[in-house]
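From first to last, the protein sequence lines are chains A and B. Counting from 1, position 40 in the first sequence corresponds to residue 39 in numbering that gives the first Met the number 0; the numbering is continuous, with no gaps. Counting from 1, position 478 in the second sequence corresponds to residue 477 in numbering that gives the first Met the number 0; the numbering is continuous, with no gaps.
Certain hints may be false.
Stretches of chain B that chain A covers, calculated by requiring three or more beta carbons in the stretch to come under 8 Å of a beta carbon on chain A [what the hints assert, rightly or not]:
hint : segment
1    : 415-424
2    : 549-561
Where chain B lies over chain A, by a calculated footprint (3+ residues, C-beta under 8 Å) [what the hints assert, rightly or not]:
hint : segment
3    : 74-87
4    : 164-171
5    : 256-267
Read the hints as simulated data drawn from the structure, not as lab findings. We put the CB at the ideal spot given by N, CA and C, even for glycine.
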Amino acid sequence: MPSPGPFPGRFSRRRFLAGSAGAAAAVAGTAVAGTAAGCAAAADVLGLGRTVRVAVTWSAEELQAFRAVLDGFGDLPYAIDLVPLGDDISAAFGPQRPDIIMLPQPGLVTENHDKLQPLPDQVSPGWPYAAVWSPVSSYGLPFKMTDKSTVWYRKSVFAEYGLDPPPSWSKWLNLNARLARAGVAPLAVAAADGWTLTDIFENVLLGISPQTYEGLVPPNPRARWTDPVVAQAFRLLGRMWAAPGTLAGGVNRSLVQQFPEAVVEVFGHQKAAMVISADFAEPVIRRYAIDPGDVGVFPFPVIDGDDQERAGGSRQPPLVVGGDVAVLLKHAGDTAVDDYAVNLVTRLANEEAPLPWITGHGGFLAANLKTPIASYSDLLKPLAEQLARPNVEQPIAFDLSDRLGALGGSEGLWRVLQDFLVAVGGRGPTAVPDAADIAVRRLNDLALLRR
Amino acid sequence: MPLLINGLRVEVVGREITGRPVPGRPRRSYWPYLRGLPSLALASVLIIPIAVTTVGAFRTKHGVGLGNFGVLTNAGAGRALLHSLIWVAVAVALIAAGFGIAMLGHRVSGLWRILQPTLVVPFAISGLVAGAAFRIIFDPAPERGTVTAVVTAVFHSSPVWLSPGFIWVVLVSAFCWGWLGYVVSLFRAGLEAIPDDLARAVKVDGLRGWRRLRVVELPILLPIFGIIGLTLVVAAVRLFDLILITAPGAMQADADVLALHWWRTTNAGEDSGRSAALALVLFAVVAVLAVLGMRGLRRHWAMPESAIPPSAQPSRPLPSRNRKVLGLAVGVPVSVFCAFPVLVLLLTALHEPAAAGLHGWWSSHGLGLSSFGAAVNAGLLRALVSNLLIAVVATMLVLAVAVRTAFLLAWGGLPQRLTRTVVIACVVLAVTPVQMYAAPLREAFAYSGLAGLRISLVLVHAAAGLPFAILLLRVAFASAPASLVAEALQGQARRSAVITRVRQTCGPALTAVAVLQFVLAWNDFTVGFLIGGPGATPLSLVLWGEARQFATSAGTVAAAAVVSSIVPVVLLLAYWPTVVRGLTVGTRP
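So that you can see chain B by itself, here it is in the shape it has in the complex:
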């Protein structure tokens, strides 16, 4: 029967209700789950070997049991565990130091223009290159090593920096150098995002110093503390290539960490169950830290905030003169600290190999480009092409698979529990150390004939980078305005408008994922070394092979290091603001 309401003809069509109302759930279609299949297939490249290692850790000669964990009672393994825990403490100290620097340099104009590039460069440089640079700087011969020369000039004798005990100075400096830029940049992004009116209101209320820190900065920056804490602590526990290249052969037992100990145990031909147990212990340590970090991020992951940057602020109050001086007093030394090892590498590479082995980078004899020639002779160019291929293909594979899965998780209408499980699984997979899946994967590749081929490395890199990409993209997609997505899903907005808005809001996250994945695959040493063996990974072939007689090959090693670092450094310098925005999306207050 037609009605007329406000000029609108309305017809009601219905039928009589018969019988009792029947309880039930809305019919759920299973088609969206198909979108998750590619990522499941790629992730199984890691999941299956992890399962194999876990089972192998519990399989002893007498059946299932905890016998293999007796490997921890070795003095060496106990010491390695202790050292890994010391590295966790180092990472925490670095976070605190980075926060201090970011706070002190906050709002000092002009400082960041100089500081920013020097902070980005160490992050772009791989652990192997950082270790090589610091080993050159801390060379025990006063004729070659910078620090030794300075200390000898002042005190007439210098400790031997690479010897047991002092090697920690070298390793900790190299680690802090590599990660300081990342920590400071992310904190700075968080601090910049604190709304000015909040800061002004707090100032008017008279809160100063520690109280202000506790009330304003710490709660707002908690998600960023969470991300940085997670990445840094996991990196510290998984440390492998830095120690391998910095510690001379005799010293490696004294600077041992769990990851390195696993490699030496496997090399010495120990029972595979015992190495699996060691890997499982390393994994347990890392997983516990990850879960703790996730609890700090719970608000972040469950309730993503808007990612649209605030509109241009009215002009900010200029910092006081004292603040400026303090900011510069902290910022300039940090900048010099970050730039110095790069300078040393470059100048060492500009000496001939024989001159670099005799004298330090400051001497004026033997300048020339023959170190680069020697590095090219050792196969550097071929290695670079190979590396480029692997990194590009792995990045494209990760993006192709992660975008669909992230969209599915964010807007696919999956049940809440399933989404949460998948997110936790992604976090755990993202922090899994390579040692958990290296041995079974190596055997699988050897068996299937893929051993030593680039395709196997591409697969492993893609699988290893997938979880992190999914996590980041999920948050980015989830923070797109809901109305926009609803319009897109229901077909009421034009497709190009939707795509443009999505690119605007999620573009930074996509670029961040692509750039980070490329840089990580390019700089990798651990995956190729443990799964491919020392002859397989392109860059390791050159750098690691040349680093065998380190001090006298300093010129060639430095040349190879410089050439292999150009691409990631330029890429990260170009895209750093986007990467920071992509990493901190969803954490703005």
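Isolated chain A (complex conformation):
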């Protein structure tokens, strides 16, 4: 016998809401269960069926592009479960391991090689990959390559002020000063994603001294962080950021801006002229650019120093590359799933495999040198050619922060560079030398801690 209560009308409203909730759940349930996909999903949810679990760092559009690549393999005897881990890719080595990891940090390969299966020989006959990949050759299959020495800019702004893409660092600083005087913010910096800052820093360091750059890689680094070259790299970079009016929105805005937001600032809201970003910015730009024809890209210039100091070393522009390798994890279990995993990796090694990503989504440079260059978009073709047939004198190196392990991660180099940006951003060149010394000392202390 329900109690009458002072508001009898409420009772029927509650009934109606509860009934509609039940009806909605029932409709949703039948809709999902009725479709074939629903049956497969139910089998998945209940843990039946053989699935190969692949952990990736990609999300949103890149994840969809990778799904398109997997769909391009047609019908497979096994299901593939994608686990997007974002920046926590090292969590994939934790207790719940997937079967394959698409690893963006080759440094983690050497650290965790006891958890990995060596690649079977037949996976990629002939090994058609660039020389930079040799350290990971026995455990990782290179899949995606990234050119991190590119700067994207708005051609209309350059045309308006009669400017050309700068061939050297000193000319770049003059260009920035010219734009700042005219009231246009030259750079949009995405400091919330620490890896954008480390990419810029690595370009400067590699451009000054490739020997020091390679020497900093563990284990047994030949160079130290206290090397004067490192401090010089910080100073040159600091003076670019310290020039008043260079950073769009100021330091505070840069600190909360992630990489796609910086791209939107330049090409979508048109508040800045350039963004220093890798080749995978291309699809983001295409998505948000108000004027898609107004996009240009120039390679990172030669580091010759600025008006306060000369930089010695190479006369060639640096080329920092990154990428993702596919690694197989050791499993104490199901050999059938192991075979499926090897099968999937073999398919990924095929030179035609990434074509859905290249043509459909863009922003992808295949690590496999046999992938046809004609399939790339016009903006990426020159970059792909440069990677396939590199200039022998140009210093090419793999991304440093990916090889440093935890020191190059969010509590290491990223944090040091973010704090460095806060210390120098927009404050003029006088703040730079002290900030550079502090940054170098912190890096040295962190490196000694990790040893």
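Add chain B to chain A, keeping to what the hints say.
Using the frame of chain A, we list chain B on its own:
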């Protein structure tokens, strides 16, 4: 020898007393204790890992000692502790504000009809979704962020809301938004239950203003202050998912709290003893607050009052015009404040992903349903089915186990001391932060092969929800009229009559427990993230993965957030009066 007394034949059968009287206790049977075994088994899912963590916190490289607590001397940990204490102050301020709003809107008819649904919705929405909504509102780009646009239009430049310092504005607003409805609703229930004749007598006596508050409302509402205080302060100290999603990566160190600091310490691969010490400190803070809150509730827990609602009151005096105006002046802005973020989420979700990344929810280009399509592509539907399974099974498990144990505690004739110990243990388990049992549980699941499976999440959710369910149901059962229970136990009342009366008195509490447990398991992020890892929990897979590049995925994130919030919102809107009645049972004067 038969006697005749009033027509009744009475026979006395006895024997002679031989020897001295021997002291002793009545023989106690141990069968009732068996009823407590299922809940002990389920609770051990939590108790054993908690014990492991506690032991691990004291185990250093040099043997047993306090060395691990040196982790607190890190600047980061000290700052995290300070921030957690600031959040306690925020929770206290929120309680005061909620009380003020409930008092001001008290007895203004018609106001609650509009205000009630808007107050319930934020409570039904998970911390992750609330954080996402507020991060969209406070986006630093004036083209996208509402508050930034308004401030730029008025002052020509706006502070960067997500930067260090200002991020507290965003976080505190999101927290207050989420909990205000709960606080105001419970206070309102308490205020409505104050008997009218008391209010009239006090008015006749001439007590007004602060004195009246101190003499009438505060003492009567003390148990409700206790419940709200306990839940809110514990929620504030255990805050995790809200900060994780709202603070951009670089800022997380500046908005750090103990719970988040534990996660970052564990991720950075610190020695497990030191993380255990950090978790123990968090647990100590929460347990102290819980025990303090319990002391305020002591009257409530020890002497449950009747739960039968008062019969229909004679018509109440209408509030004065000033009171009405004041009530509306407070109630309408609160209503707008509660409804606005939901509106923002909905409108952002109705834009295409590219348009949502460029412009704010108020722009008219790019309207369409493709954000929902993108969210479905990211695996939303599968995640929803998974979530539903986990929440339903966990709720059924909790109810099945908690009912028997609550009945045992209320009417099982257990010794007083044992009941009190079990109640205190339940309170402590109910407030335990996930960080205390996450690491050992994760290892145990990995070792037993249950890692990443839904069954492990069901077990953890059920074990985590059990203590609170037992506490609530115990009070509800204890407040059933004693004569009814005695009749039932001795078999003199018909079984169906007993069941009907029990359902009448305890029905609201059962429904409240079921609904709350379902909503908590559905909205959960912390348990799945810390114990299952980022790939395991269904909803976190979608929301957290999509939120990696937040501002430009605002459309997809908003669509996923809207879809995942529909079920708990509808459920709580339907059952809110029952939930409030169930939570405040035993506190009526």
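Hints violated by the structure (numbers, ascending): When the structure is compared with the hints, numbers 1 and 4 turn out to be violated.
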